[in-house]
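K.L.:
All chains, please: the whole structure from these sequences, using the hints.
If you read the sequence shown in the working numbering, its first letter stands for residue 57, the second for the next number, and so on.
Just so you know, these hints were derived from the structure itself, not from any lab. Check before you lean on any hint, since a few could be wrong.
Stated by the list, open to error - Pairs of lysine-lysine residues, derived as BS3-like cross-links and limited to a Cα-Cα distance of at most 25 Å, are as follows:
1) 152 x 197
2) 85 x 148
3) 124 x 85
4) 152 x 180
5) 72 x 197
6) 135 x 186
7) 180 x 148
8) 148 x 197
9) 197 x 186
10) 135 x 85
11) 124 x 197
12) 127 x 180
13) 186 x 124
14) 148 x 124
15) 152 x 186
16) 135 x 197
17) 85 x 127
18) 135 x 152
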Amino acid sequence: MEINIAELIRDYRMMKREIERLQRIIYGKSVPMRSWGVAQYGVEATLPHGSSGKSQAELRDMDIREQKQIKRLQEYRRKVFAIESAGDFLDKEILKIVYDCMLSGMTRQQIAVHLEISRVSVDKLRADIKTQIDTNTTFSKLLHGEKSAV
Numbered sequence: 057m058e059i060n061i062a063e064l065i066r067d068y069r070m071m072k073r074e075i076e077r078l079q080r081i082i083y084g085k086s087v088p089m090r091s092w093g094v095a096q097y098g099v100e101a102t103l104p105h106g107s108s109g110k111s112q113a114e115l116r117d118m119d120i121r122e123q124k125q126i127k128r129l130q131e132y133r134r135k136v137f138a139i140e141s142a143g144d145f146l147d148k149e150i151l152k153i154v155y156d157c158m159l160s161g162m163t164r165q166q167i168a169v170h171l172e173i174s175r176v177s178v179d180k181l182r183a184d185i186k187t188q189i190d191t192n193t194t195f196s197k198l199l200h201g202e203k204s205a206v
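P.N.:
Here's what the structure looks like:
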């Protein structure tokens, strides 16, 4: 399955906004990414509490639109997590900076001005980023939701 890194980076901010919107629709509130799957410790862990997710009975009773929204939410969460993790796989600090600027929505001209380098240099760095991410098997597994042995 071919990965279009440029498209993922371009769509990253849209997916973040859509995740928040879908969470408000499904759960009634937006859930910070840091708390996706976070365990509780101490007294809070022993106390009974309701799940923010839907029960099996609720899932069966949902209409098709709601089911599609949940699937899209899960897909976008997986993609956003993979995109945000991809910066850790880059081998040079300047690549990490350029990647972060790209995720922030900066244009190549804005990145060039910010780093005081030419646009041609920015293009080379962006190509290097795409190559490194494209060849990283961990990124591919994160993106496609594959489990890996630890």
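K.L.:
Quick one: which hint numbers does this structure break? Sort them smallest to largest.
P.N.:
Numbers 2, 12, 13, 14, in rising order.
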